[in-house]
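Participant: Sequence:
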Amino acid sequence: MASPTNPKAASEFCESPTSPAAHFMTASWKDDPEMTRYGGKSFWAYLHGRVRYKGPQVARIGKIAVQSYWSQHLFVLPRAAAPILLQYISMRFLNYSWPVPLAFVLYAFSFLGFSDDMANEFNRLSEKHGFLDGEKLRDNVPDIHLASASIGTILIVTVRPLLACFLAYKRDELPHMSLWTPIHMFVYTCLTDFWFYVYHRAMHEVDFLWQFHKTHHMTKHPCTTLAILADPVQTFCDIVVIPLLAFACYPIPFHAWWLASVYIFFIEAVMHAGTRLYWTSPVTGPILKPLGMELLIEDHDLHHRNGWGNSASNYGKQTRMWDVLFGTTRPRLEMVPENIDWNNRT
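Using this note's numbering, the first residue of the sequence shown is number 11, and each one after it goes up by one.
Warning: the hint list may mix true and false statements.
[Said to hold, decoys possible] Computed cross-link-like contacts, DSBU-like style, restricted to lysine-lysine with a CA-CA straight-line distance of at most 30 Å:
1. Lys-73 <-> Lys-299
2. Lys-299 <-> Lys-138
3. Lys-51 <-> Lys-40
[Claimed, not checked] What follows is a list of derived Cβ distance ranges for each label pair:
4. Val-346 <-> Glu-215: 50 to 60 Å
5. Pro-300 <-> Trp-190: 14 to 24 Å
6. Gly-65 <-> Leu-172: 32 to 42 Å
7. Gly-50 <-> Asn-105: 24 to 34 Å
For the record, the hints were derived by calculation from the structure and aren't laboratory data.
Note that the coordinates shown come from a computational prediction; the quantities given were computed from them, not determined experimentally.
All residues carry an ideal CB built from backbone N, CA and C; glycine is no exception.
Work out the full structure: start from the sequences and follow the hints.
Facilitator: Here is the structure:
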């Protein structure tokens, strides 16, 4: 297995995005107008060009602002609730229950629209607050993975709703929420993160499995759209296996699953954004923060910067709970308490 101290690994995979040498993370497409315009040379480049960060990338100094739970809920919840409300209106006032195929299509399209809005929101916040380790430029989707990264995103927003529609959707069940819904979301998210932690750590520590994960670690300073940069085996595990294991352990109602999955997808993207904000999950953070188990953007950012092969830490992607319990955390560098402006909430 390659290691961070291996000269070959360092020269082949760990070059700065500003390096003139062509390597795995070369993203020449973003500088070619013919690649990124609609109807141009590459449809995949056009898709990535719409949502990639185009603002300045300069090092920021000073204390770090806090991304509040309420601002996250105000962004996520109306978009997540839209198809639920539409289904409720259809059943309650039109007396029409959605068949499984229709439910799948409408929830999948809602997911797709949410992903587009989400990327643009991250770009706005990153332009305002800057990036962690700000002296280094953020990577973009590499030329050789333009298609696979786009297809991976499409698979996330289609396969996950498809699984839920067949496993949990009940055509005649009127959408409803209860006091149990946030509890269902919290437990399901923590279980999802447990199974992700186990398989993620195994891919780093078991030599045979590393081959399926190293593609994702070619980026040392990821952006949101690189969350899906992965080998096909990892993509299948992320999209299908992990959600199925979590659901098998804790089968929750369809609409609670939907809300939990939207927030999980949101935090998966947040943790790859690199935005210089004290940002943790609004689903798990209120409970885990007092216990020192909340996951921050910097935790996963450090995982990418330092996590080549079996030298990694910070394996969680929704919480820091399992890393704390199993002793695999890495000290934070920028997001230490004295560097947080707790009065500056966005």
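Participant: Does the structure break any of the earlier hints, and which numbers would those be?
Facilitator: When the structure is compared with the hints, numbers 4 and 7 turn out to be violated.
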